[in-house]
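**Student:** Next come the chains, spelled out residue by residue.
There are 2 protein chains.
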Amino acid sequence: MTALSPEAFVERLRQEGAQRYHDHHPFHQAMHAGRLTRKQLQEWVRNRYYYQSRIPIKDALIVAKSEDPAFRRMWLRRIRDQDGEQGGEGGLEKWLRLAEGAGLPRAAVARFDGVLPAVRFACDAYVDLVRSRSLLEAVASSLTEFFAPDLMSRRIDAWEQHYPWIDGASLAYFRSRVTRAKLDADDAIGFVTAMATTRETQDQAIAALIRKTEVLWALLDALQLAYPLDAIP
Amino acid sequence: MTALSPEAFVERLRQEGAQRYHDHHPFHQAMHAGRLTRKQLQEWVRNRYYYQSRIPIKDALIVAKSEDPAFRRMWLRRIRDQDGEQGGEGGLEKWLRLAEGAGLPRAAVARFDGVLPAVRFACDAYVDLVRSRSLLEAVASSLTEFFAPDLMSRRIDAWEQHYPWIDGASLAYFRSRVTRAKLDADDAIGFVTAMATTRETQDQAIAALIRKTEVLWALLDALQLAYPLDAIP
Numbered sequence: 006m007t008a009l010s011p012e013a014f015v016e017r018l019r020q021e022g023a024q025r026y027h028d029h030h031p032f033h034q035a036m037h038a039g040r041l042t043r044k045q046l047q048e049w050v051r052n053r054y055y056y057q058s059r060i061p062i063k064d065a066l067i068v069a070k071s072e073d074p075a076f077r078r079m080w081l082r083r084i085r086d087q088d089g090e091q092g093g094e095g096g097l098e099k100w101l102r103l104a105e106g107a108g109l110p111r112a113a114v115a116r117f118d119g120v121l122p123a124v125r126f127a128c129d130a131y132v133d134l135v136r137s138r139s140l141l142e143a144v145a146s147s148l149t150e151f152f153a154p155d156l157m158s159r160r161i162d163a164w165e166q167h168y169p170w171i172d173g174a175s176l177a178y179f180r181s182r183v184t185r186a187k188l189d190a191d192d193a194i195g196f197v198t199a200m201a202t203t204r205e206t207q208d209q210a211i212a213a214l215i216r217k218t219e220v221l222w223a224l225l226d227a228l229q230l231a232y233p234l235d236a237i238p
Numbered sequence: 006m007t008a009l010s011p012e013a014f015v016e017r018l019r020q021e022g023a024q025r026y027h028d029h030h031p032f033h034q035a036m037h038a039g040r041l042t043r044k045q046l047q048e049w050v051r052n053r054y055y056y057q058s059r060i061p062i063k064d065a066l067i068v069a070k071s072e073d074p075a076f077r078r079m080w081l082r083r084i085r086d087q088d089g090e091q092g093g094e095g096g097l098e099k100w101l102r103l104a105e106g107a108g109l110p111r112a113a114v115a116r117f118d119g120v121l122p123a124v125r126f127a128c129d130a131y132v133d134l135v136r137s138r139s140l141l142e143a144v145a146s147s148l149t150e151f152f153a154p155d156l157m158s159r160r161i162d163a164w165e166q167h168y169p170w171i172d173g174a175s176l177a178y179f180r181s182r183v184t185r186a187k188l189d190a191d192d193a194i195g196f197v198t199a200m201a202t203t204r205e206t207q208d209q210a211i212a213a214l215i216r217k218t219e220v221l222w223a224l225l226d227a228l229q230l231a232y233p234l235d236a237i238p
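Top line first, the protein sequences correspond to chains A and B.
Using the working numbering, the first residue of the first sequence is number 6, and each one after it goes up by one.
Using the working numbering, the first residue of the second sequence is number 6, and each one after it goes up by one.
Just chain A, same shape as in the assembly:
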């Protein structure tokens, strides 16, 4: 099998990612359609924080895999974005404010109280993938960010419309990701297309992205099982 052209490779990544992206999941569709109960939305915020908390860890593992100071410098920005330049800043802090805005006790969310076992397993599997695979696969697994900016924009609109009990200021995390995820995805796609120049490595990158979509999907499966949609209260 000959290597795909860079354009065809990027198109394959987009297709494989888009068709499996978690915006198709029933729980996610219910969220954006305004059909989640307050409890269900809270539990999504709470469980998703465990995923968020794994991001700087997996990004540090990616930094540790690179021999190139320029790549490390680029990727380090992601950790700085999540952890902030000082206390009280950064993506994790914004997510905890989202949790507060959704009526959850901040300390309990920060301690991962009530995180479902299957959510932990899926998120930990993501960290393990990044730890154990090649730098190329680890970076390719981040390419779900391709789809994030559009999703974040739609989410802000949907939440403001359907869940007005959440203070609009607490949606700052989603707002910050609209532009940030675009830049991050551009960095990552540039690296992946430059490194995956054989069909074998291109297939590895595609497989890693698919595995990542499975992680995000499994997170929502766990929520839907624990907090069924349209249940009679």
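Just to be clear, a hint being listed does not mean it is correct.
Copies of one chain are not kept apart here, so a pair can be met inside one copy or by any two copies together.
Only pairs whose alpha carbons sit at most 25 Å apart, straight line, appear in this in silico SDA-like list of lysine to any residue [as the list claims (entries may be wrong)]:
| # | residue 1 | residue 2 |
| --- | --- | --- |
| 1 | K187 | Q91 |
| 2 | K44 | A231 |
| 3 | K44 | D192 |
| 4 | K187 | P74 |
| 5 | K44 | Y26 |
| 6 | K187 | I215 |
Since the hints were derived computationally from the structure, they do not count as laboratory data.
Given chain A, work out where chain B should sit, using these hints.
**Tutor:** Quick look at chain B alone, frame taken from chain A:
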């Protein structure tokens, strides 16, 4: 065995580290006494660059071990110090300029040409220690920095006196470490004393520091074997 007081624990770390620190190594003593040939000094610079190149990698592994954004923020600064905020900056860049100042071709040093196998083994063992051990042990292994500021000051004086053929501007790496290593060591000792509150964890921290001194020592052993001191040319 009861836990040592914080003061006694720090004193033990200092003692165990100081007596094994590589400034006692014959090759290092010859370096500071002006007894290295040009070739020997060049090979020290060249081989030591492999050690330097492992630093941001092991520091990223340390960041990945922490669940605390405040700790990660603190430790990330070390990676930023080595890799720089942009191209042409940072500790690794300064070391490559040192290599050029010592008359070595920059590209060959950056490619690790001529790095001795035993130097690779020792430095890779350091990265493995950090990867496989607890966060406490990984941080404790950095505590050789206790002794670095004083050593860097003495090194600048010794090199300016004994090796005037090296441009003084290329000693910028050593100069930058005088103040930086002090701050880094203070951060690390604060963390280690806060975390190691049982005799068992204190002993683990001490063992990790000793292992690290063995890494630095082995690097110089390899150089001395390959480039014997006081050999008849």
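**Student:** All hints, please: hold or fail.
**Tutor:** Here's how the hints hold up against the structure:
For the identical chains of this complex, K187 and Q91 are neighbours both inside a copy (24 Å) and across copies (21 Å), given an alpha-carbon limit of 25 Å. For the identical chains of this complex, K44 and A231 are intra-copy neighbours only, at 11 Å inside a copy versus 68 Å across copies, given an alpha-carbon limit of 25 Å. Taking the shortest Cα distances, K44 and D192 never come within 25 Å of each other, neither inside one copy (37 Å) nor across copies (42 Å). For the identical chains of this complex, K187 and P74 are neighbours both inside a copy (22 Å) and across copies (24 Å), given an alpha-carbon limit of 25 Å.
Taking the shortest Cα distances, K44 and Y26 sit within 25 Å of each other inside one copy (24 Å), while across copies they are farther apart (58 Å). In this homomeric assembly, K187 and I215 come within 25 Å of each other (Cα to Cα) only inside a single copy, at 19 Å, whereas the closest approach across copies is 46 Å.
Taken one by one, the earlier hints fail for this structure only at number 3.
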